[in-house]
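Heads up: the protein sequence lines correspond to chains H and B, in order.
For the first sequence, my numbering gives the first residue as 20, with consecutive numbering after it.
For the second sequence, my numbering gives the first residue as -14, with consecutive numbering after it.
Check the hints yourself; a few may be wrong.
Chain B residues, not near chain H, derived (Cβ > 12 Å throughout) [stated by the list, open to error]:
hint, residue
1, 25
2, 33
3, 44
4, 49
To spell it out: a stretch of chain H is covered by chain B in this simulated footprint if at least three of its residues, at any positions, have a beta carbon under 8 Å from a beta carbon of chain B; those stretches are [unchecked claim]:
hint, stretch
5, 41 to 51
6, 64 to 77
7, 89 to 101
Ranges between beta-carbon positions, derived for each pair [to be verified]:
hint, chain 1, residue 1, chain 2, residue 2, range
8, B, 14, H, 29, 33 to 43 Å
9, B, 73, H, 116, 53 to 63 Å
10, B, 384, H, 29, 50 to 60 Å
11, B, 375, H, 29, 30 to 40 Å
Hints listed in this document are in silico derivations from the structure and should not be mistaken for laboratory results.
Just so it is clear, the structure is predicted and the values come from calculations on it, not from any experiment.
Glycine residues also receive a C-beta, built at the ideal position from the N, C-alpha and C atoms.
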Amino acid sequence: MPTEDVQQGTLALMVMTTLEAMGPMHGYGLARRIEQTSGDALKLNQGTLYPALVRLEQQGWIRAKWGASDNNRKAKYYSLTPRGARRLQAESARWSRISALMARFLSPAGGRS
Amino acid sequence: MSGVRRWLARLTEWLRSGAVGQDADSEIQAHIDLAADDYVRRGLDPAAARAAARRDFGGVDRAREAVRDARGFRPLDHLGRDVRYAIRLLAKTPGFTAAAVLTLALGIGVNTAIFSLVDGVMLRLPPYPNADRLVALWESSPGKGPEAARTRTSVAPANLADYVARSSSFDAVTMFANTLMSLTGAGTPERLLTVQVSRTYLDVLGVPPALGRGFADSDFVAGQDNVVIVTHAFWQRRLGGDTAATERTIDLDGRPTHVIGVMPPAFVALGEAEAADPPSLIVPLVLPADMLTGRGEHIASAAARLKRGVSVEAARAELTAVSEGLAREIPQIGEMRAEIAPLGADQARDVRTLVLTLWAAVGLVLLVACVNVAALFLVRSISRQREVAVRFALGATRGRVAGELIVQSLVLAGLGGGAGLALAFWVMRTLVRLAPATIPHLDRVTLDTRVLFFTIALSAITGVVFGLLPAWQVRRAQPVDTLRANDRAVVGGWAARSRSVLVVVEIALSMMLLVGAALMVRSLIALNRVDLGFEPEGVLAANIGLPPATKPPARLAFFEALADRVSAMPGVRGVAFGNRLPLRGNWGSGFLIEPAGGDDGVKGLLAGFQAVSPGYFATFGMSLKHGRALAVTDRTSTEGVAVVNEQFARSFLNGGDPLGRVIRRGPEMPAIRVVGVVSDIRRGGRAAAIEPQVYLPAAQLQLYPLPLSEFAVRADGDPRPLAQAISAAVWSIDPKLPLTNTRTLAETLALRQAERNFQTFLFLLFAVLALALALVGLYGVVAYVVGQRTHEIGLRMALGASPGRILAWVMRQAAWLMFSGAAIGVAATFAVSQYVRSLLFQITPADPAAYAMAIAVLIAAASTAAFIAARRATRVDPLEALR
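Just chain B, same shape as in the assembly (with noise of 0.2 Å):
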């Protein structure tokens, strides 16, 4: 009772401790005078009286130190000191401060930013309720070649209903697919991203509509699933936000529509994980018969709701299970078997390697940052010894010292981590505006708090560490030898060796970062080699969405329509139209070469089948082979021709000859003639393969009537002028008709090798911060050995070394750290790099070029930075440092 009593005195002492010190001090002051007084009395002059109260009293220090002691919380009062003295200390070393600062700063904000991003793409769970219950549901076959992955594919709706059907582990399973639906009526025609989805869609996800009603059985009956739940910026967007929305009707692909419900404004609409955008619209996904049953229509991706309590480990194990007994019963499933995985992760599964990468890069950054810190910290306590050496003597405890050396390292910690924390705001926004659109879920990144602390404890802890080492040391030696020794001698030997450790530690990150991203370079330069058999620039290319149930001669009549209209324009050069366009989608059909001359032919071949236009190969600038090209004379009243590639031949006839063969979609099909030879492109882009194909006249619509859709402009310059013209062409033709994904082919180049770009400047950058940390530690040691050897180096000048012999002799010792530190690095690179083989485009993981790209930079970069220290020992004067 009275030791609370106490406690609560003290704590209340402390909060005003100012008054509460002057109240001790004039007390005591207040006790000599009277005590002098006294002796005076006694007939002491006032001189001696003084001299004798202040020895009757004892130490007046101490007797202060005490009633503190008393008074206050003695710890919190150190604290405050230390934390005051830390500072001082600090605002009296800039360098060494502002190094510290920056490095960690560096480490903790380049670290919780990349971490932030890794959170919100990859481990944040999707936005809805309990979606730790969520997976995604697919099937696979097994790959090609002894070692391939599984191939993964969509489900069949027949497979997924028996999946379910024998399954104990799921609430809900619903099936969904993208498709692009055309909004007329009032206002602009749009096409808006719409996920199509069986009954249970909203109840897997477990959000139901803010208004209106979700779907019931029967909007999944033909003829009545003209319904649609809309998503709230669609509402707000589109209905301007009426509450009387449900009672609406609006034109889908044009068909009159009714508005059902609206999603609250949270809900992001789960569509399928290539688009970057989630979808607008949510529309019933009805199936013809024949998709339903069929046991390779695979055509639908699935999530399921796992029941409460049930983990996705059990889930996936009781339905591969169901999965195998399906397929034993039913031959046609073959080795195609059901697969689940966490929704989230499955969303980023594309990512999934970049983002860890970058994250281990990072990682790597924030321990060279930490290494660096430990580096500094350290040389900053060697030149400190002498000082705690001095204290402990003076009889200082342990503690204290200690105490004062934490108190020095969260201090700097503290200020580094909030210049990290601004650092790390920064860089977030920056690169989530740099990022690629490919990557998901860059609206959920935000700045991640644990991280920043868990990187500030990191960086703390190393300088605690690294302050307190060589208290230890000085612990270990007598404090009487450590004053004793010239303190360039026995202090500095185990502190350069340290230090020099630390450095290797630090060239070696380094040198991985740096061969990393050389590897990422070498892959780019690569990929930017590679020809894409076309040319890009100077194409606008737009997509035209005409009904779904627009007949194929109505299509082609607006297409030649349009395409009349565009040529007549100024600065036209060529116009294309087609059912994809290069760089923007491919289309496969399979089909069979009919036996000719000595050959037998070929069945069961699959090749790319594109309807194109006669101005294509022209306005993409392909070269004709052989043969001729397509014909605007090539109509449906003359013979099926076509134009193939030069792949077809290698791919089918062994290099032979196509021109005059005859190929048909099946043994039923029209018959179509081979006619001539274009060159090869990489449909794909850059990153993707050449693939056989064969090109059919849009105008010949008895051969294969694929829906024309894609337009394209070739223009004499810059080609983005002309999209206003475009759109009024097509406007002029037929008002309600959306224009979509308008944008030149170049550009769709360069979102297609975004991501690509987007890895290597990170890893650039990372490597560049390891390395400038690293020389910052490198140009350390080797200016502290020069300062240690001054008297040294005088002494060997005085005997007439020559400065370049002297700079040879500091330089050596500088190369014994870059070249150890160089070759871990590379050794540990050789390790690891398998990682990242995914990620680099015709360079093995082991490329010899890249290596040796990321040690010249290396070797040039360390012994710069050595070099710049070192010639201070040129400069040493024999004279001073011999005095």
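Just chain H, same shape as in the assembly (with noise of 0.2 Å):
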């Protein structure tokens, strides 16, 4: 998606990651639990979450489905596909050699000099 910012990219590895850890979860649920994961380091504009869900859903990569939640309200629950899951794994993985990549031109001390 040449079109996506890295922002964009970034949320919805952030997505399926809780996903694929947490099973099924709702909009507010996944917006709750990425906020926890980065220990409220991340402020989410929860509303930015949604369009991210449908750009995901039309991959292919996450599925919705409406469903009730536990105080009984009626939500919609997003789960990885395995088309979604091999997507993450190779996603992770970039990302871990881009990060380590980042993270060595970041510290003087990793580079050679």
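Take the two lone chains, each set in its own frame, and fit them into one complex as the hints suggest.
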């Protein structure tokens, strides 16, 4: 997706990782979980989550289904598809490579100078 | 790959966009509910919990938009919304909408209809295969006078044979000539338009018969040439669609003739251009030997099929060289040269100027319509300028605002186009019905969709451009300025100026059409003032088709018998017969005047020669000037006599007295003594010149046995009811004789002038349309000015200005627009009016009276429109205005 910026790509990766770890979740649950995981370092503007979910769904990486929440509210539950799982593997591997690379650039000790 | 997948998903979602939108809404609602539940659990009261949940979520609307963006196709969504918005907006301003749609419909409708006419009559190729390779071929000689056009004439077969033999451009060449043939035998006798053709006729046109065979060389041997190929319509009508028709014979001009072929239904026989209807029959053209060899026998039209890949220009260049070469070898050819032109264009050459002028005129109407639409949009978007500025200030993108304006223009253009289509259809049908039969190919006229779309597109672009200009203007200015400005002042100045320019343009264009219409009207008036010299009212005439082989004494006996019978009928005041009648053709002959008294006589003269019955002059209301009229006593046994017209003396005797002079048609021909002088008539109608005429007694067959064929009767009242009785009288003498062209002289005269009436009517119509549109524009500007200056007007009135002075002040501004428009229009008309010279009669394109008429109409109409708008200014209540 050439038009997506890093932010969106990052958010998508967070969503997919969370879904892999936690199983099916609704949008609000996802938002809370991502905030908690980041140790509240990331204050998500929760509304921005939804366009990202739509895109992931359109890619066929997640699927959505209406269901009832624990306190009996109707909510849309998202889960990772097998395609999404494969994609997540590839993406997280890529992400690790990039962050390792970036880490080397950002800490001069790691560089060959 | 995943891009394609997502795109497909979006497309499906967009198609069921309503459900998806609701889905997103309820999901967001669920999110906020769940979040609020969480806050309540953490101890907040429900109201605070909801507020907190909303705060966490961020902008609900923005999220919804973002989801929608991700889901569907944003531009398409916008389009739908913009179209709905545009329709709502248009419905809110019915005045503007009606004006714009009507203006567009007029421009689009009338333009499409006229172009369809131009296309059908002039531009479309004749209905033959590969018609772009068909050319007309003719010969021409230098015209009289230094700048005169070349005089066109038919080709001489001898010359044509040489042109073809020496050229390499043509696949095939054919000659053809129109004639009338009498069909007798079973059923009503009929005179049918027939084309006599050379053997290659069907090869040139590229259409073989559907039934039977084409022409063979053996069909062109004298004595074996009694064969005919018939059109599909004739076969259906007269031969009952009989598939064995090719074994039948029909009686043509009293001769049994074999039907050898039937043409396919779509085939239109190519005849000479002057006939309105295509021929029904095709017969061999068999020429006597002297006509085949004579270099001056210009007797037939010709058409040719160019070889594949040869352009008309190349063929023309070659033919010109061939023609020059031939003329050098054969001195008799003299200045005569061969010419060719594409067949379709050549057939329409007589109406070319008329049709092109109409096209230009209707183009001006379209231009006025576009300018009007421009002005309407300008005003409208001025009034929306503040709104646009507000939206820019609130962060709307230029693209969105421009998109909206464009969509509005397109919706209007669509509405205008729809109405225009209906109008075009109606106008076209009406035009075809009203158009004189002298315009060829009217049956080919169909609505042209290319033009329809072209005109709709043009109007849409006009709307878009003028809808966008104000957005541009706002963009240049700071939105804040626009918002702060009292929109009477800053915004108005630029717009009012643009609008004034548009109105001046409209008035100038209308002025051109008005002058055109005035020139046509003046021509028509001049034409109707012309004295024919005879009385066409009350005369009914018919052509009676005696077999061509009928000997002159038998013809005379027939017509004398017929005249006796018809004279005896009640209500008949007089009868006449002759070879040709006024308005129904002419016949010319060379002759000489013998020396007499003091002068040497004159040789090599040309005048009209008519063989007429004794009642001829009285029947047509011509008066005897000198001497005696022709009498029943002028027979073969008495001295050869003639009556001439007054023009005869002017043309040939320098105004001297023709009485007693002796003329002969050739040195060895019988002597004819002039015994009387009758008044001049315009035989060819009001637009025709007066020609010298010699009237011979029809009974003096020894002088010049012109074939008698025309019969006329003058009735006490309406002569039309006599038609039946005349047919009955003819058939009581010989039941096999067909009558053709049975109509009153008044009808014939009307037919002659139909084309001029038609062009005048259309020009008037266009001028009125353009003027009406321009007046709407002018009214709008003045009303706008008054609206803008209400405050100022109120102030002036409060300071003591009388309503009259206020009115004068507003009218002065209107007058400025009016006079500049009129002046520009007059100058422009003056520059182009030369092109309509050939459509005028006795009126020059610079005719001052026509200009005066047009200016007077324009000023009167424009002043009225401006006055109505300006009157509002005098009704301004100073207290209201200043509050």
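Hint by hint, here is what the structure shows:
1. 25: 10 Å, violated
2. 33: Given that every Cβ of chain H is farther than 12 Å from that of residue 33 of chain B, nearest at about 18 Å, it holds.
3. 44: 6 Å, violated
4. 49: Incorrect as stated: the minimum Cβ-Cβ distance to chain H is 8 Å, not above 12 Å.
5. 41 to 51: holds (count 6)
6. 64 to 77: holds (count 10)
7. 89 to 101: It holds: at least three residues are needed, and the stretch 89 to 101 of chain H offers 5 whose Cβ sits within less than 8 Å of chain B.
8. B/14 <-> H/29: 33 to 43 Å: 27 Å, violated
9. B/73 <-> H/116: 53 to 63 Å: 55 Å, holds
10. B/384 <-> H/29: 50 to 60 Å: Given a distance of about 29 Å, which is not inside 50 to 60 Å, the answer is violated.
11. B/375 <-> H/29: 30 to 40 Å: 37 Å, holds
Violated hints for the displayed structure, listed by number in ascending order: 1, 3, 4, 8, 10.
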